[in-house]
Amino acid sequence: DTGVSQNPRHKITKRGQNVTFRCDPISEHNRLYWYRQTLGQGPEFLTYFQNEAQLEKSRLLSDRFSAERPKGSFSTLEIQRTEQGDSAMYLCASSWTENTEAFFGQGTRLTVV
Amino acid sequence: QKEVEQNSGPLSVPEGAIASLNCTYSDRVSQSFFWYRQYSGKSPELIMSIYSNGDKEDGRFTAQLNKASQYVSLLIRDSQPSDSATYLCAVSLNFGNEKLTFGTGTRLTIIP
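Just so you know, the protein sequences line up as chains A and B, in that order.
When you line the first sequence up against my numbering, it's residues 34 to 146, in that order.
When you line the second sequence up against my numbering, it's residues 1019 to 1130, in that order.
FYI, nobody ran anything at the bench for these hints, they're computed from the structure.
We put the beta carbon where it would ideally sit given N, CA and C, even for glycine.
Please note: incorrect hints may appear among the correct ones.
27 Å max Cα-Cα, derived DSSO-like pairs, lysine-lysine [unchecked claim]: (1) Lys1117/B x Lys1020/B; (2) Lys104/A x Lys1074/B; (3) Lys90/A x Lys1060/B; (4) Lys44/A x Lys1117/B; (5) Lys1060/B x Lys47/A.
Here are a few chain B residues that sit away from chain A, every Cβ distance over 12 Å (derived from the structure) [what the hints assert, rightly or not]: (6) Gly1077; (7) Tyr1089; (8) Thr1104; (9) Lys1117; (10) Thr1127.
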């Protein structure tokens, strides 16, 4: 299967702990996006990479959040000092320059207790 | 005003009928429009994209775009129980900016 892959699928963590999620995009896709979705809402944009360059970061993203895509392939999203309000589904999507259609991975569901 | 607006539903449609889902957007320079289907607890699945005014058909799905009215719709013909899901409308500026702005989604239930 060459779809977008996210790990882990579920993560339960205690408030104050750090968590890291991984996204492997579709292999030929050079664009990668992170979104967050809470219950009853549509996905909300967090950040966007083209190859290894982080081109945009949402103003809603606090300093506790950081994302990397070091070799222009997989990406990681880290949340430091997690808070209960961080509980959400974190979605990764990828696309390629010649086509604006973005495809989502299965998501990582984070629960902060 | 929300950037992308959808009726949250629920919208109930008898099996075999046409389901009509609507979306309006506020940014006039928006260029790309997408419909995603999301089953409960799952991630969004792309079902249609549309870029030009008019209709675009793919199987039982038809997307309609009217840029003058800033309006996008999705028609599902011969609705099936498996079409029961939340349908998300998404918009992008598409000038080197591919991020999507989503509506809150419309929950569709197909009644057997």
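Consistency of the hints with the structure:
no. : hint                  : result
1   : Lys1117/B x Lys1020/B : holds, 16 Å
2   : Lys104/A x Lys1074/B  : violated, 37 Å
3   : Lys90/A x Lys1060/B   : holds, 25 Å
4   : Lys44/A x Lys1117/B   : holds, 26 Å
5   : Lys1060/B x Lys47/A   : holds, 24 Å
6   : Gly1077               : holds, 17 Å
7   : Tyr1089               : holds, 18 Å
8   : Thr1104               : violated, 9 Å
9   : Lys1117               : violated, 5 Å
10  : Thr1127               : holds, 16 Å
When each numbered hint is compared with the structure, violations occur for hints 2, 8, 9.
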